[in-house]
Every structure is written in C-alpha cells, then in structure tokens.
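Visitor: What follows is the residue order along each chain.
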Amino acid sequence: MIKALIKKEWKKTKNITIFFVIILTISLIHFYFSLSNALEHNAPSDIFQDIVRKEGTIDISFLLYIITFIGPLLAFFQFSSEVSKARLRIHLHLPLKQNFLIHFFSIYGVSVISFIFIIANVIVFLSLNTFFPIEIFYAVESKFLISYFISLGLYLSLAIFLINPSKVIKIGITTLSILTSLLFLDHVGRFFVGQNLYFYFPFILLSYYLLLFHSFKLYTKGYVK
Amino acid sequence: MNSLKKYPIIIITILVLSNFLPYFYDMALSKRGNYVKVGFSPVTETFIKTTYPAGASRKAIYSTMDDKTTFTREKFEEFFPFTYFSDLIRWGTFPEKLASFENNTSVIMSSKQRLYFIHRLIAKKEVGLYPLFESQSKFSGLELPEEFFRFNNKMEFINTTTNKIEPKQTKLFTKALKEKGFSFPMKKIFGQPVTRKPFDEGYFIVDNNNKFFHLKKQEGQPFIKEIKTNGIDIKYMLVDENSRMEFYGLVLGENKRTYLLMYDDYEFVELPIDNFDYTTDRLYVSTNPLYRYIDVDSNLEDKEVTTNYVTNLDYELVAKNSLEFPYEKESFFKKLEESIFPFQFYFSKKGSYFYYPKISNINEKAFIFNLLIVLLYLVYIKYSSRRISEHIINSILILSAGIYALIAIFTFARLLYFRKKI
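Chains A and B, in that order, are what the protein sequence lines are. Going by this note's numbering, the letters in the first sequence line up with residues 148 to 372, in that order. Going by this note's numbering, the letters in the second sequence line up with residues 11 to 432, in that order.
Hints are computed from structural coordinates only; laboratory data are not their basis. Some clues are possibly wrong.
[Stated by the list, open to error] Covered, in the sense of this in silico footprint (three residues per stretch, anywhere, with C-beta under 8 Å from a C-beta of chain B), are these stretches of chain A: (1) 268-282; (2) 291-301; (3) 313-323; (4) 348-360.
Don't be surprised by glycine CBs; every beta carbon is placed ideally from N, CA and C.
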C-alpha cells in the first residue's frame with residue numbers, strides 16, 4: 148500500500164523533480180566551471196580576497212533561487228491535481244489511518260526538498276573544498292540554509308492554501324508566508340548574517356504543519372467555507 | 011481546530027503582524043522632516059547650520075544655530091576654509107584669520123583624516139581568513155600575499171594556490187606569538203585587509219586572556235607588540251592607516267567610552283564624548299589643522315539626536331552642540347498609532363551578529379483599546395451563537411496583543427461564519 152502511495156506521489160511530482168534536478172545539475176556545473184575559470188584567470192589570492200571582502204566570486208544566488216522555488220512548485224504539483232477533482236477525499240477509503248496519510252503526504256514533499264538540498268550541498272561542498280579552505284564553505288552554507296528553510300515554509304503554506312477550503316485562511320496563509328519570507332530574506336544578503344535565524348524556523352514550520360494537518364481534516368470533512 | 015493546535019500559527023501571525031503593521035503605518039503616514047547638518051567654523055568659532063528642507067526643493071539654507079542670520083553659499087564657504095579652500099583661493103576670499111594656510115594648502119590636505127563607525131560593523135561576522143601584507147615592502151603599493159591566515163590553536167597560513175597549509179610561516183608566527191605571551195585562540199581581530207591604503211599596520215588582536223597585541227609582517231618576519239590596555243575592555247577597533255600617522259584607529263570600550271589608539275607609545279586617548287552607544291549609534295571623527303570633530307548620530311525610539319563635539323589638537327573639548335529631530339507624524343495619526351499598536355516585534359542585532367527577538371514601543375494606551383476590542387469580540391461571540399467559555403484564551407490574546415491578535419484569530423480560528431442558533 149505504501150509502495151503504491153509512493154509511486155502515486157512520484158508520478159505526480161516526477162516531472163517537476165526531474166526538471167529541478169536538471170536545472171540544479173546545470174547550475175552546479177556552471178558554478179564549478181565558473182570557479183575553476185576564475186581561478187585560471189586570476190591570482191588565487193585575488194579570488195580569496197574577493198570572497199572574503201566582497202563576496203562576489205562565489206555567486207550562489209541562482210542556487211538559492213532554485214532551492215527556494217522547489218518548495219512551492221512541488222506543493223503545487225503534489226496537491227493541485229488532488230484538490231481540483233476532489234480526489235483527496237478518496238484517500239479516506241484506503242485502509243490506512245487518516246493521520247498517517249496526512250503525515251505521508253507532507254513527509255514525502257519535505258523529503259524531496261531535503262534530498263535535492265542535500266545533493267546540492269554535497270556538490271557545493273566538494274567544489275569549494277577543492278579550491279578553498281573550509282571557512283568559505285561555512286560562509287556559503289550560512290546563506291544556503293536559510294533558503295532551504297524558506298523553501299520548506301513555502302511548501303507547507305502553498306499546500307495549506309490549496310487544501311484548506313476556507314478563503315479567509317487561504318488569504319491569511321498567503322499573506323503570512325509572504326511576510327515571513329520577507330522577514331527572513333531581508334537578512335540573507337551577506338555571509339553569516341542572521342545565521343541564528345535557523346533556530347526560529349522549526350517553530351514556524353511546526354505551526355504551518357499543524358495548520359496543514361487541520362486543513363486536511365477540514366477538506367476531508369467536506370467544509371466548503 | 012478547537013484544540014490548542016491553532017495557537018502556534020496564531021502566535022506567529024501576531025509576531026509577523028506586529029513587525030509589519032507599525033512599519034507599513036509609519037511608511038504611509040510619517041513625514042520626512044528637514045535634514046540638518048551642523049559644522050563648527052574655525053573662523054567664527056561657532057556652530058553653523060545647513061538645513062535641507064523637506065519636500066521637492068532641496069535647496070540648502072545656511073544659517074546661525076538660532077536661525078536669526080542666514081548666509082549665501084559663498085559666505086558659508088568662507089566659514090569653512092579647510093573644506094572649501096580651492097574655491098576661496100580662486101575667489102580671493104580666504105579668511106584673513108587663517109591666512110597662513112592660504113599659501114600652504116598641502117598642510118590642510120595632509121591634516122585630513124576621516125573615520126566612520128556604524129553599529130553594523132560590530133555586528134558583522136568575518137569569514138575568518140585574513141591576508142597578512144608585507145608592511146615594509148620595497149614596492150610603493152601594497153600587494154596581496156599568496157598566503158591567507160586563520161587563527162585556531164595556532165596562526166595557520168594557507169597557500170591560496172595549493173589550498174594547503176604553509177608549515178614554515180605557521181611555525182614562525184605561532185612561535186613568535188607564543189614567545190610574546192599570546193594565548194591561543196584569539197578572541198577578536200581588527201584590521202583593514204585591503205590594498206587600497208597608503209601602508210599596512212597589520213592587525214590588532216585580543217587573545218584568549220584578553221591581552222591586546224599588534225601584529226604585522228616586516229620583511230617576512232613577525233612584528234608583535236603587546237599593548238597595555240590599562241583595563242580597557244576592547245569591544246571593537248576601527249583600524250585606519252593614514253599618512254598622518256597620529257592614531258592607529260578608533261577603539262570602543264565598555265561603558266560607552268571611546269578612545270583613539272595613538273602611534274605615540276600605543277597610548278589610549280579617551281574622546282570627550284558621552285552617551286555613545288556603539289550598538290546603535292553612528293560616529294564620525296574628522297580632523298583638520300586646528301580641530302578634531304566628533305559627530306554622534308543616535309536613533310532613539312521617538313527622535314534622532316545629533317551631537318557635535320569639537321576638540322583641540324589634544325582632544326580637549328572646545329565646543330559641543332546637540333540637536334534633536336523628532337520623527338514627525340501628524341498628532342492625530344501619532345495618537346492613533348499609540349492607541350492601536352500595543353507593541354512592535356522585530357529581530358534586534360544589538361552589538362552582535364546574532365538576531366534576537368525583541369519587543370519594543372510598548373504603548374500603555376493601546377491596552378485600553380485592546381480591552382474595548384475584547385468586549386466587542388465577546389459580544390460577537392455571543393451574537394454568533396458560540397460559547398464564551400471556549401474563547402477565554404482568545405480574549406486573553408486580544409487583551410495582550412490587540413489588533414494583531416484579533417486579525418490572527420479571525421483569520422485562523424474560522425470565526426467568520428455564523429453558527430445556526432439551536
């Protein structure tokens with residue numbers, strides 16, 4: 148049964164996951180070659196100085212955008228088709244507990260985002276460690292991690308938006324997720340800035356998760372308000 | 011969602027709204043006031059004011075501090091011959107009082123130095139890799155070294171080409187530091203690791219035992235000097251290499267005390283300023299042949315305060331002026347703000363690179379408004395056929411967080427539909 152559910156989720160999200168994996172692979176290859184190219188044409192000490200002072204050489208903004216957008220797009224592909232034809236309610240007839248199903252859906256999405264994030268991280272780590280000391284990876288990671296948390300937040304909030312039948316909650320969660328993302332994105336500009344903001348994310352993600360849980364229940368109960 | 015599950019999202023909504031609503035309100039209704047700059051004239055030995063009026067016209071008005079006398083721009087420039095000497099010499103209006111400088115502008119030029127400290131500098135975390143320049147190079151310009159260093163339990167040099175540790179330099183500098191009594195790892199390091207400066211003074215380092223050291227590289231060898239701090243707890247140092255070679259930089263100590271670290275025997279000279287809070291304020295130090303100027307800008311909750319200190323060459327206070335600029339808002343909107351927003355939430359970064367949640371601008375008046383909202387809320391609950399006993403927590407939240415809680419509860423607690431009367 149679980150295998151079938153995984154297969155079903157995979158079928159829904161296969162295209163978008165493969166799309167992101169391809170985009171990510173291209174951008175990581177570009178990242179690696181732009182680094183080695185920069186090191187070929189400049190004195191290594193100049194590159195070091197550039198990174199330490201201006202943070203310009205290691206341009207990971209494209210990677211940050213990819214990681215940030217995986218969350219909402221995955222949620223869209225995972226839940227929009229279920230909601231549009233009210234198929235979500237059909238899951239109630241499966242011989243599985245409703246709570247288990249809710250956990251399953253969200254854990255599947257979170258796992259896909261985390262998997263892509265971890266793969267990207269490993270490649271960034273290996274690329275950077277080839278040329279630079281570990282301090283540079285820590286600096287890059289300090290920006291990377293925030294975009295991962297924002298992605299998870301956007302995944303959960305878009306899922307709530309799609310599933311929750313209440314228009315007020317739809318508007319509320321949209322506004323809240325935009326404002327929360329702004330609040331945190333505001334501090335992502337430079338290396339290390341706001342690194343302890345990660346500690347606030349678990350609470351935010353937990354509250355989103357509880358609301359998602361509630362939204363599933365409302366949906367399956369047939370509320371339309 | 012009758013259980014407590016809804017409260018995390020409600021609390022987050024309250025916090026997010028309490029960050030953004032007062033901010034949006036301010037953006038929409040605050041009026042920009044006049045922008046005022048104050049300078050001390052070495053000619054009149056008084057403060058002169060430049061006012062840039064709010065609005066589209068940004069034409070400056072030059073006047074005395076009491077606004078009784080206004081000046082033309084030409085007259086204003088005459089009051090500041092060390093700034094506008096090129097114009098004044100061209101016009102032949104260089105003040106007689108300072109005539110000795112008219113034909114000696116190189117003295118004016120060489121006596122200029124500017125330091126600018128903003129609280130953000132102290133809250134910035136570095137990557138942790140630093141270049142150590144050769145400070146006695148035979149070439150006139152500074153060149154980036156091939157090795158960068160890091161501090162752990164030694165001073166470790168990393169070759170930027172091979173990305174490997176340089177054992178020779180590491181051993182040389184670590185040994186030299188240990189011989190001078192340096193205790194690893196270091197706590198703070200201050201320097202200006204850029205090539206665009208006339209020369210290099212290396213780094214100033216606070217070691218693990220709070221001892222203060224000066225470190226630089228001279229002809230490939232370490233130059234290390236322990237600096238006696240006389241009990242000053244060094245919070246930050248703004249290093250500024252300048253050809254004047256009067257001071258190494260600005261040192262911020264505890265209890266709002268600020269010093270200059272002089273070239274002369276590494277002496278700390280305390281600046282005669284009070285109430286400079288390095289976690290929130292901005293500080294400018296500038297010099298000319300006769301005076302030292304220290305300007306402090308503080309952003310308080312309801313106003314901005316600019317204090318100008320003028321000292322002689324021995325850093326003894328000569329004159330002081332303070333101006334306050336209240337944040338302008340029409341009184342009705344100001345009162346309304348105080349009544350509807352009980353507090354403001356934001357992430358504070360005071361004196362560190364970590365963010366801490368902070369609640370400020372607590373308005374007592376707003377709690378009266380909150381009480382009114384609670385009463386209306388309870389009337390609504392009763393009217394919409396709900397049980398008041400189920401809404402006690404919501405009422406407490408509204409009483410404490412007012413309008414923020416009301417919006418959050420109505421958004422996430424599904425209260426906008428009416429229950430059928432039984």
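Visitor: Hints first: check each against the structure and report whether it holds.
Guide: The hints, checked one at a time:
{"no.": "1", "hint": "268-282", "in the structure": "holds (count 5)"}
{"no.": "2", "hint": "291-301", "in the structure": "violated (count 0)"}
{"no.": "3", "hint": "313-323", "in the structure": "holds (count 6)"}
{"no.": "4", "hint": "348-360", "in the structure": "holds (count 8)"}
This entry does not satisfy hint 2, going by the numbered hints stated previously; all others are met.
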